[in-house]
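Student: Residues per chain are reported as follows:
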Amino acid sequence: QKEVEQNSGPLSVPEGAIASLNCTYSDRVSQSFFWYRQYSGKSPELIMSIYSNGDKEDGRFTAQLNKASQYVSLLIRDSQPSDSATYLCAVNNNAGNMLTFGGGTRLMVKP
Amino acid sequence: DTEVTQTPKHLVMGMTNKKSLKCEQHMGHRAMYWYKQKAKKPPELMFVYSYEKLSINESVPSRFSPECPNSSLLNLHLHALQPEDSALYLCASSQPTGTGVFTGANVLTFGAGSRLTVL
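In order, the protein sequence lines correspond to chains A and B. Note that my numbering has the first sequence beginning at 1, numbered continuously upward. Note that my numbering has the second sequence beginning at 112, numbered continuously upward.
Hint data in this document are derived by calculation from the structure and do not stem from the laboratory. We put the CB at the ideal spot given by N, CA and C, even for glycine. Treat the hints loosely; a few may be bogus.
To give an idea of the interface, some chain A residues facing chain B are shown, with a C-beta separation under 10 Å as derived from the structure [said to hold, decoys possible]:
(1) Val4
(2) Tyr36
(3) Gln38
(4) Gly41
(5) Lys42
(6) Leu46
(7) Phe61
(8) Thr100
(9) Gly102
(10) Gly104
(11) Arg106
Generate coordinates for the entire structure from the input sequences, incorporating the hints supplied.
Tutor: Below is the structure:
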């Protein structure tokens, strides 16, 4: 059973729309959650981190965490074609300096 | 530009070759990592060094040999690899977490990666 699950997509949204990316995790004691963006052939780039239940906003990005439901999401408002990438959810599983990545969701923003 | 530098960017090697991947960071981070990423798959952790000591080895075959000569450098020595080892190898660094929990002060920063092809 995968520890961190994401829909692989592709998720296709029109330019200007809200893109909603979802992630579930299995380890109830996980405390730190991250969203990385990865363009094709490039390395992952951190875009959001969240540690407490609720919403955290940073520009066009909002991360949402619900520990009771073991669910974390990323909303991208006013989606741009340059947002087209794979978005990786990563969870710190308290095993010591380790992040476990989900399989990633490929987002396509169409002009 | 990334603050974690990996060389070479591309490497092609035969199954009998010995080569090394190098990683350098000057952010004062004391934890460094090797991840392996196959196409359309997430990064998979291989090794973690904390304060220059190997703290995690995720059951990686011995044909991969990590080395951390000092707090800024991390190497991955490659020998007798198989074609299925072809992948993007990512180095990352962070501050170590005393409790094992990452916080805003010590998130992972990735290098640009070394794309390895084994013939």
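Student: If a hint holds in the structure, say so; if it doesn't, say that too.
Tutor: Now the hints, each set against the structure:
With a cut of 10 Å, the hint placing A:Val4 at the interface with chain B holds, because the nearest CB-to-CB distance is about 8 Å. At its closest, the beta carbon of A:Tyr36 sits 8 Å from a beta carbon of chain B; the interface hint therefore holds under the 10 Å criterion. Annotation: A:Gln38 was flagged as interfacial toward chain B, and the flag holds, the nearest CB pair being 9 Å apart, inside 10 Å. Against a cut-off of 10 Å between C-beta atoms, the interface hint on A:Gly41 holds, since the closest Cβ of chain B lies about 8 Å away.
For A:Lys42, the interface hint holds, the least distance from its beta-carbon to any beta-carbon of chain B being 7 Å, beneath 10 Å. Using the Cβ-Cβ criterion of 10 Å, the hint placing A:Leu46 at the interface with chain B is satisfied: the shortest such distance is roughly 6 Å. Given hint, A:Phe61 at the interface with chain B, is violated; its Cβ is 15 Å from that chain's nearest Cβ, farther than 10 Å. With a least beta-carbon distance of about 8 Å to chain B, the hint placing A:Thr100 at the interface is held under the 10 Å criterion.
Residue-level restraint check for A:Gly102 holds (minimum Cβ-Cβ distance to chain B is 6 Å; threshold 10 Å). With a least beta-carbon distance of about 6 Å to chain B, the hint placing A:Gly104 at the interface is held under the 10 Å criterion. Using the Cβ-Cβ criterion of 10 Å, the hint placing A:Arg106 at the interface with chain B is satisfied: the shortest such distance is roughly 8 Å.
Hint compliance for this structure: hint 7 is the single one not met.
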